[in-house]
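Enquirer: Quick note, the sequences are listed as chains A and B, same order.
The first sequence begins at 1 in UniProt numbering and counts up one residue at a time.
The second sequence begins at 1 in UniProt numbering and counts up one residue at a time.
Calculated from the structure, these hints are not laboratory results.
Just so you know, even glycine gets a beta-carbon here, dropped at the ideal spot from N, CA and C.
Please note that the accuracy of each hint is not assured.
Just a sample of chain A residues kept apart from chain B, beta carbon distances all over 12 angstroms, derived [to be verified]:
no., residue
1, Pro50
2, Ile86
3, Leu92
4, Met109
5, Ile130
6, Ile169
7, Ala202
8, Ile209
9, Tyr258
10, Ala300
Once the Cα atoms are required to be at most 30 angstroms apart in a straight line, the calculated BS3-like pairs of lysine-lysine come out as [unchecked claim]:
no., chain 1, residue 1, chain 2, residue 2
11, B, Lys309, A, Lys56
12, A, Lys263, B, Lys90
13, A, Lys65, B, Lys105
14, A, Lys263, B, Lys404
15, A, Lys56, B, Lys219
16, A, Lys263, B, Lys314
17, B, Lys186, A, Lys161
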Amino acid sequence: MPIKKKKEKKFTLIRKRVPYLFIMPWIIGYLAFTLGPLAFSLVMSLFDWPIAGEAKFIGIDNFTKMFTADPQFYNSLLITFKFALIFVPLNLGVALILALLITQPIKGMKFFRTIFYLPAVVSGVAVSIIWGWMFNTEYGVFNYLLSFLGLEEPSWLIDPKWAIVAIVIASAWGVGTMMLIFYTDIKSIPHDMYEAAAIDGAGVIRQFISITIPSITPTILFNVITSVIAALQQLTLVLLLTGGGPLKSTYFYGLFVYNNAFKHHELGYASANAWFMFIIIMLFTLMIFKSSSAWVFYEAEVKKEKKEKREKKKKSEVKNNEDFQKA
Amino acid sequence: MKFSKGYVFLVFTLVLAMLLSACSSSESSDGKNEDGKVTLRFATWDVGEDVELQEKLIDQFNAENTDINVVLEAYGGDYDTKITAGIGAKDAPDVMYMWNYPQYKDALEPLDPYIEERDKEYKENFYEALWNYNSINEDVYGLPVGYTTHVVYYNKDLFDKAGLAYPKAGWTWDEFQEASKKLTNKGDKTTGFAFPGKPDPYDFEMYLWGNGASYVDDKGNLDGSLNSPESIETFDMFYNMLKEEVAITSESWGDTEMKSGKVGMIINGAWYLSAFEEAGINYGVVEIPSFGDKPSASIVSSSGVAMSKDSEHKEEAFRFMEFWTGEQANKERLSFELPVLKSVVESEKLEEDPTKKVFYSMLEQSKEYTPTSFITEDWSQLSENLELTFEQMFNPSTRVEPKKAIKTVVE
Numbered sequence: 001m002p003i004k005k006k007k008e009k010k011f012t013l014i015r016k017r018v019p020y021l022f023i024m025p026w027i028i029g030y031l032a033f034t035l036g037p038l039a040f041s042l043v044m045s046l047f048d049w050p051i052a053g054e055a056k057f058i059g060i061d062n063f064t065k066m067f068t069a070d071p072q073f074y075n076s077l078l079i080t081f082k083f084a085l086i087f088v089p090l091n092l093g094v095a096l097i098l099a100l101l102i103t104q105p106i107k108g109m110k111f112f113r114t115i116f117y118l119p120a121v122v123s124g125v126a127v128s129i130i131w132g133w134m135f136n137t138e139y140g141v142f143n144y145l146l147s148f149l150g151l152e153e154p155s156w157l158i159d160p161k162w163a164i165v166a167i168v169i170a171s172a173w174g175v176g177t178m179m180l181i182f183y184t185d186i187k188s189i190p191h192d193m194y195e196a197a198a199i200d201g202a203g204v205i206r207q208f209i210s211i212t213i214p215s216i217t218p219t220i221l222f223n224v225i226t227s228v229i230a231a232l233q234q235l236t237l238v239l240l241l242t243g244g245g246p247l248k249s250t251y252f253y254g255l256f257v258y259n260n261a262f263k264h265h266e267l268g269y270a271s272a273n274a275w276f277m278f279i280i281i282m283l284f285t286l287m288i289f290k291s292s293s294a295w296v297f298y299e300a301e302v303k304k305e306k307k308e309k310r311e312k313k314k315k316s317e318v319k320n321n322e323d324f325q326k327a
Numbered sequence: 001m002k003f004s005k006g007y008v009f010l011v012f013t014l015v016l017a018m019l020l021s022a023c024s025s026s027e028s029s030d031g032k033n034e035d036g037k038v039t040l041r042f043a044t045w046d047v048g049e050d051v052e053l054q055e056k057l058i059d060q061f062n063a064e065n066t067d068i069n070v071v072l073e074a075y076g077g078d079y080d081t082k083i084t085a086g087i088g089a090k091d092a093p094d095v096m097y098m099w100n101y102p103q104y105k106d107a108l109e110p111l112d113p114y115i116e117e118r119d120k121e122y123k124e125n126f127y128e129a130l131w132n133y134n135s136i137n138e139d140v141y142g143l144p145v146g147y148t149t150h151v152v153y154y155n156k157d158l159f160d161k162a163g164l165a166y167p168k169a170g171w172t173w174d175e176f177q178e179a180s181k182k183l184t185n186k187g188d189k190t191t192g193f194a195f196p197g198k199p200d201p202y203d204f205e206m207y208l209w210g211n212g213a214s215y216v217d218d219k220g221n222l223d224g225s226l227n228s229p230e231s232i233e234t235f236d237m238f239y240n241m242l243k244e245e246v247a248i249t250s251e252s253w254g255d256t257e258m259k260s261g262k263v264g265m266i267i268n269g270a271w272y273l274s275a276f277e278e279a280g281i282n283y284g285v286v287e288i289p290s291f292g293d294k295p296s297a298s299i300v301s302s303s304g305v306a307m308s309k310d311s312e313h314k315e316e317a318f319r320f321m322e323f324w325t326g327e328q329a330n331k332e333r334l335s336f337e338l339p340v341l342k343s344v345v346e347s348e349k350l351e352e353d354p355t356k357k358v359f360y361s362m363l364e365q366s367k368e369y370t371p372t373s374f375i376t377e378d379w380s381q382l383s384e385n386l387e388l389t390f391e392q393m394f395n396p397s398t399r400v401e402p403k404k405a406i407k408t409v410v411e
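Taking the hints into account, I'd like the entire structure generated from these sequences.
Expert: So, in structure tokens, the structure goes:
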């Protein structure tokens with residue numbers, strides 16, 4: 001029946017195009033507001049690009065300036081790495097502990113689950129302002145509480161030693177999202193594994209090390225990568241909480257780029273800075289991915305391996321059988 | 001699937017067309033709306049109630065000028081970033097609030113030709129000092145709207161308690177330090193004077209001016225100015241007050257400390273007048289102390305309105321700016337802005353207001369000074385360096401002697 005066939009053909013044509021039409025707004029948005037500016041900033045990085053006035057092509061001068069003539073570049077990079085080094089393990093640890101806590105079958109856990117996640121919903125600007133109040137040396141709630149304990153009352157945002165600690169604490173506040181990802185993964189570990197382990201005499205800690213940790217390594221990998229990226233791109237908090245101070249001790253790389261663009265109005269230079277950070281993040285991500293084969297454990301892979309083994313065994317059995325029969 | 005392919009395409013074309021048309025303006029090629037009106041975009045940094053007041057003023061202007069429609073864009077706290085982005089994208093508002101002329105001058109329209117078309121009295125009605133802050137090298141880039149000079153706010157109750165007479169115009173820094181000492185009371189945890197631990201270099205220069213110094217000479221050289229004996233003496237004075245514990249540094253501008261009644265004096269602009277009143281502080285204002293031989297000086301925190309170089313309706317834009325800085329608008333803004341027109345100050349008898357007159361006398365005695373940001377080529381960089389130096393001097397965890405700290409900037 002040729003008529004029906006034609007109709008069918010038309011139908012599949014629509015079916016193929018319609019989905020694309022539906023995601024078209026997103027695609028247009030992505031091209032216009034993400035990919036386009038991204039490519040444009042790469043072009044800008046080769047120019048001396050002031051806010052007002054003519055842009056001048058200067059080749060890789062922005063990059064050479066960064067490496068040879070700007071000590072602030074190295075300082076900012078160093079501060080950011082230092083921050084990432086403290087922030088990433090701390091955040092992972094806290095998220096994991098919280099996730100373990102909220103998987104416990106205790107009454108009212110839903111309530112805690114909500115309040116642990118709540119901070120992740122609050123906007124970064126509001127968070128910065130609130131922390132600014134809490135860290136204040138004169139009237140901040142932190143030093144008020146510390147004074148009861150008779151502990152040292154640090155001048156959080158004035159003392160360069162403490163400012164970076166303050167930033168770490170404030171950023172660790174948004175740990176909720178990571179906690180939630182851990183939580184869903186831990187929840188999906190089959191319960192019989194723990195039961196079997198318990199019967200074999202494994203304690204809670206042993207179960208955690210031998211069952212929980214290996215089962216969630218893919219999630220750990222994901223969280224490590226995202227938090228490394230977040231740490232290296234930290235901007236909101238330092239912009240609003242410390243402004244890079246005191247004494248430039250929290251002059252993060254993100255702030256360095258921001259200031260070059262919007263304070264010193266050197267858009268080309270800032271673009272070059274941003275692209276350098278892009279390369280660094282890419283290298284880090286690659287390194288973490290490369291290392292993952294050594295410690296990340298995918299259940300699916302194991303299953304596949306087992307299946308392959310089984311099939312091999314079967315084959316060889318069949319072969320053996322055949323051989324046997326032949327003989 | 002009931003709908004046809006053609007139908008789907010139609011819907012999406014419509015959606016796309018709507019999206020795209022939202023991006024472009026509805027103006028036709030000659031820059032006029034269908035009803036023959038010229039649309040002017042006007043950007044303000046004010047927030048809250050002030051914006052409402054401004055909206056009312058704009059409505060008034062729009063009603064009086066049938067050929068112009070001014071649209072207010074309130075950018076609030078992110079003002080600079082948004083203006084910068086607008087200028088960069090050649091999409092700056094036609095008229096915008098402005099103070100940092102050196103940074104934006106390349107994107108602004110010089111206004112002298114427009115001003116010259118007016119009477120001679122037009123320009124003279126503005127306080128002379130304000131033109132300095134709205135122009136660069138004799139070229140005017142903005143019309144003054146409001147300003148504030150900086151003055152000493154003092155807590156009368158604390159002065160009474162310490163048995164001190166209230167300070168009077170023409171007092172000296174020696175008297176100021178003496179008062180600080182007497183106001184400081186360890187038992188009550190009160191201190192004589194609070195100033196920002198990270199002062200804005202733009203603001204701080206006024207103290208140097210009062211001592212006959214400044215950051216740079218008229219050619220923009222730091223050496224010989226920033227490290228002159230007078231400059232060092234000024235820095236040393238602040239440094240020593242901290243050392244002797246008759247002053248503290250604040251994480252903000254000292255206003256919080258003042259509001260809590262724990263601090264006797266702070267120095268700042270007119271921004272806190274109503275805030276301190278609301279906080280129930282029994283305060284007075286007085287001129288900044290002098291170094292003895294000549295009157296003290298104040299930096300002017302000015303606000304002006306400037307015109308974008310790329311504006312397509314410059315004549316109309318200037319008409320609006322004229323209205324915005326005119327007598328009527330000045331009077332309407334009395335509640336939150338110090339008027340910039342001599343005629344308004346006179347008619348409103350502000351010279352007799354015990355608080356407001358202080359700001360005007362500070363303005364009068366500060367007119368010969370030009371801030372370094374208007375002289376030097378790269379203020380944003382210098383300002384960042386100075387900020388770090390100030391922190392080194394005043395931050396309790398470093399407290400570097402001014403002479404040493406200054407040395408690194410000059411080199």
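Enquirer: Work down the list of hints and note, for each, if the structure agrees.
Expert: Structure-based check of each hint:
1. Consistency note on A/Pro50: stated as away from chain B, yet its beta-carbon is not over 12 angstroms from all of that chain's, at 7 angstroms minimum.
2. Here A/Ile86 stays apart from chain B, with its beta-carbon at least about 20 angstroms from theirs, past the 12 angstroms limit.
3. Annotated as non-interface, A/Leu92 keeps its C-beta farther than 12 angstroms from every C-beta of chain B; the closest such distance is 31 angstroms.
4. Consistency note on A/Met109: stated as away from chain B, and its beta-carbon is indeed over 12 angstroms from all of that chain's, at 39 angstroms minimum.
5. With a cut of 12 angstroms on Cβ distances, A/Ile130 stays outside the contact zone with chain B, its closest approach being about 15 angstroms.
6. No Cβ of chain B approaches the Cβ of A/Ile169 within 12 angstroms, the least distance being about 17 angstroms, so the stated non-interface status holds.
7. Chain B leaves A/Ala202 outside its interface by the beta-carbon criterion, the shortest separation being 50 angstroms against a cut-off of 12 angstroms.
8. Consistency note on A/Ile209: stated as away from chain B, and its beta-carbon is indeed over 12 angstroms from all of that chain's, at 42 angstroms minimum.
9. Look at A/Tyr258: its CB is around 9 angstroms from the nearest CB on chain B, not clear of 12 angstroms, so calling it non-interface is violated.
10. Listed as outside the interface, A/Ala300 is consistent with that label: its C-beta sits roughly 35 angstroms from the nearest C-beta of chain B, beyond the 12 angstroms cut-off.
11. This hinted pair checks out: B/Lys309 and A/Lys56 have alpha carbons roughly 20 angstroms apart, not beyond 30 angstroms.
12. For the proposed pair A/Lys263 and B/Lys90, the alpha carbon gap of about 18 angstroms is at most 30 angstroms, so the pair holds.
13. Using a Cα cut-off of 30 angstroms, the hinted pair A/Lys65 and B/Lys105 holds, with the two alpha carbons roughly 26 angstroms apart.
14. Restraint check: the Cα-Cα separation between A/Lys263 and B/Lys404 comes to about 27 angstroms, which is no more than 30 angstroms; the hinted pair holds.
15. Taking the CA atoms of A/Lys56 and B/Lys219, the gap is near 27 angstroms; set against the 30 angstroms cutoff, the hint holds.
16. Pair hint A/Lys263 plus B/Lys314 holds up; C-alpha atoms about 28 angstroms apart against a cutoff of 30 angstroms.
17. A C-alpha spacing of about 27 angstroms is found between B/Lys186 and A/Lys161, which places the hinted pair at or below 30 angstroms, so the restraint holds.
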